[in-house]
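S.K.: Top to bottom, those sequences are chains A, B and C.
The numbering of the first sequence is our numbering, which starts it at 193 and goes up by one.
The numbering of the second sequence is our numbering, which starts it at 20 and goes up by one.
The numbering of the third sequence is our numbering, which starts it at 9 and goes up by one.
A few of these clues could be false.
As the list claims (entries may be wrong) - Computed list of lysine-lysine pairs in BS3-like fashion (alpha-carbon distance at most 27 Å, straight line):
1) B/Lys325 <-> A/Lys249
2) A/Lys310 <-> B/Lys396
3) A/Lys368 <-> C/Lys116
4) B/Lys289 <-> B/Lys396
5) A/Lys249 <-> B/Lys289
Unchecked claim - Computed footprint of chain B on chain C; a stretch qualifies when at least three of its residues, placed anywhere within it, have a C-beta under 8 Å from a C-beta of chain B:
6) 25-34
7) 68-78
8) 151-164
9) 242-256
Think of the hints as simulated: they come from the structure by calculation, not from any bench.
By construction, the Cβ of each residue, glycine as well, lies at the ideal position given by its N, Cα and C atoms.
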Amino acid sequence: MFDATILFPSVLNGLTTGAVYALVALGLTLIYGVLHIINFAHGASLMVALYAVYWLKSRFGLDPYLALPLVVPAMFALGYALQRFIVNRASHGKDENILLVTLGLAIVMENLALLVFKSDTRTIDTPYTLATVAIGPAMIAVPKLLAFAGALAAAAALLLVVGRTDLGRAIRAVAKEKQGARLVGIDVDHVYAMSFGLGLACLGAAACFLLPAYYVNPQVGSGFVLIAFTIVVLGGMGSFAGALLGGLLIGVVESLGGLMLGESLGQVGIFAIFIAVLLLRPQGLFGARV
Amino acid sequence: MSTRRTFLKQGAAVSALGLPLVGGAQPAPVKVGVLHPVTGALAFSGQQCREGALMAIDDINAGGGIKSMGGAKLQALLGDAQSTPQAGAAEVEKMNEAGVSAIVGAFASAICLATTQAAAKYNLPHVVDVGVADQIVERGLKNTFRFGPGYRTCAQVAVNNLHVLNVAAGRPAKSVMIIHEESLFGSGTANLLSRELPGYGFEVKEVVKHANPTRDFNNIVLRMKAVNPDIVIPANYYNEYALLVRTMNQQKLSPKAIYSVLGGAASSYKFLKEFPDAADGIIDCNHWFNPKDKRTAALRRRVEAKGLFFTYEIFNTYTATMLLADALNRAKSADRAAIIDALEKSTFADHFMPYGPTKFVNGQNQGAQPLMTQVLKGDIRVIVPRDYREADPVFPLKA
Amino acid sequence: MRADLLSIAAFALAVAAVPLLTASGVVLTFLMMTLYAALLAAAWNVLGGYGGQFSFGHALFFGTGAYVQAIAQLQGGLNPWLALVLACASAGAVGVFVGALSFRYGLKGSYFALVTLAFAEVFRIVALSVPFTGAGVGLMLPLAPGAANFQFADRAGFVWTMLGFVVAALLVTSWLRHSRFGAQLQAVRDNEDAARAVGVSPLRVKLGAIALSSVPTGAAGAFYLQVFQYIDPAIAYGPAVSVEALVAAIVGGLGTLWGPVLGAALLHALAEATRNLFGSLPGLNMVIYGSVLVLVVMFAPRGVFGAGESLRDAWRRR
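Bound-form chain A, shown alone:
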């Protein structure tokens, strides 16, 4: 049953879906790699970004791709503020507090969205929503191809920021050795907030690329959280290349797994990989030795 005309499109689909997963995971890996916190509010933040894109389109008719220069900085600002003024204050140096406070933030965000936008599922209609491009025997939706390009661009941008700028150097220093970084005069709180901001900015980009092919409602974030964590662990906490490749890989695994085992059971492939990586190679593909 599964010849090349089925397998090839399935792999391509997996790559394009995985690209969106990668965009979501890029932010999470940065936040985890630098702040060493598990951000329970990541899914809800994606939802907030999706609503922002939706609102700009439905209120002002702004195309989601053109909304990138608005949504990305807005999400950055949100992330910076959340970290600097709430998460930082709540942590008191203990991991469990961060868990709780991000969980609390997730509950607040989800229910604020419910209050403001009600519970209906919203979609946007653009001229290219249903358009496809033929690649060999496969018909790939245009929004998904654009998402693929976007993921590559975002990963490259992050690598540039972290590799070449002063901020990036400060981030790497803080990630490696917080006390030492403080000793040489780096404002750790500011770096933390910048990192969290960058993490949420990635979600802003993810939302712009995701909405044309998907939908938004207050619960939409929870469907991406577990996958994002899997990718972060697979790729290596803190590695952007890892998040990108991990995302693509997981996308393909999900796609082929769904094809072979059925959509429902096929999800097992993802978590089986998750567990195997955690047990056998916890640093992931590109992470530093744990």
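Chain A is already provided as a structure; the job is to place chains B and C on it using the hints.
M.R.: Quick look at chains B and C alone, frame taken from chain A:
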């Protein structure tokens, strides 16, 4: 005039039998619990159901209340089942202590299982508005009454009608692919369909189960291309249904028919409005109103004037509430046992659902049936049965 | 030790008296669900608070307990009380299995948390696909009220049963506070290498902790099934139960005897209060609930019980 109160403002339990009428004084209102999952994963459906109940209560009160009780008005006590069975059951307890005479709710089958059981402890009548799982009315609970059909009935009607349509068109369709969501309603419906269809000469080539939520349907559509069924049968909730049909449209896959059973978006004005091209021609076997009854058009206009879509949650719960009001009227009192008795003997016919006069056996309305609709020329039209037909079915969509 | 036992006894007597003093369904249901949350939290606290291993997947044990309870009755024809024993044992077995894999490979901290989450998801997906769990349809217990059937006609029976489980969990926690095993567990929590250096086997100790944590959680799952009579993969293995357990334990105060009970009671009371006051606008009550959670963490970092202890210590030192 509508009266809506939440629990805290109610205070202690008040006798619902009312005060004696003295020279034109208003009789005490009858409290009705309106219990739905208005937050959490099912929030959209729950809020639509609640809207239906509240509109019905408004209409009853505007029409003079419960005539046999001196014009007593209905008073809604709102409850949030928070999309979990345990929250639903806890709300039933609160409603019981606040002195409700009956409960209307709770949309989702799993929640209804818990709420009907909790209400049964207090012999509190519970009218089930949607909840299609058959177990809800098969447990021997005397307080439970379901106005609409369960999924066994829906599946049987769907299969029968598919057979009839197929034969009338010269048997163009031989193979079927079922795509269902993974939980109670989808799995139950798919099981029934897989069992019944072969008996009518259809080959069930594949049954695909998917998660809630499913982010991407490209794989399933790829499998569809490989399997090449004549008919695709989806049984899932709105979001996934919409995504599936959009993806089929994108991949230029058009089977001889998309024949839904309790399809989430198949007979939805919302889906029709947002994706008219993808929706065209889709057949659904689902809860639907009697299109020949003029009241439905009026109600639909009122609902749309509020900026809402006229979905099955609204008209199902609206009519279920009307059923309750009729029972109250015949019981002539707000006493729970009297209401249960009135419901058992109910022959309520003044409603706009295609059920005829009600007749309850073990809590299930025997006349309840789904209708077959098809999206034709930009509107949703009833195609089967003939009594309610608005347009001739187009089957198959293409030869 | 005696102080602990006295306080547990006082608690047990006070709570047991409530069903005798009131027949209110609202009060009894609130009490029953609070005790249920307290059991989840107390069980989680054994591994998380005293063992220092944060699990994000306690639903794994909950769901296993619930499913075994259902399957044993529906397909095995077992009496529900016997099924309960089997359910607890199964949950414990799963706990030891996951613990053995994770601790053997040296997983700690966030990695351990994530692996428990992954296991819970795997079980959920498998439960969705396998016929003997009813797959997506779930499993339903037929109604058969009667104490012998572990289906009490009124809430009082369930309240007393759950109280029994909670007391058992509290006794285990108290034992941890005063026993050698408990001291070893806390030593491993505070500094695993140092503990190993003095001859404690971290693997053995952690396995014991996860067993002690998973068994009561399995009991909670079995209890849920008996009360609500319906279970499906989302209810059994979904993240809601895992989150409920850890939030109540942390808010109440990690590594304390009464923290989990206090946390469960406070969170439930908060949820009820917000729902009563703001229930007419869907979502508003949860916004308030979430905000309170955030504020509590910001200003009472050691949890409520921890804050209570700090105040008490400060008072003593004055």
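S.K.: Look at each hint and say if it fits the structure.
M.R.: We went through each hint and held it up to the structure:
no.	hint	verdict
1	B/Lys325 <-> A/Lys249	holds, 22 Å
2	A/Lys310 <-> B/Lys396	violated, 30 Å
3	A/Lys368 <-> C/Lys116	holds, 19 Å
4	B/Lys289 <-> B/Lys396	holds, 16 Å
5	A/Lys249 <-> B/Lys289	holds, 18 Å
6	25-34	holds (count 3)
7	68-78	violated (count 0)
8	151-164	holds (count 3)
9	242-256	holds (count 3)
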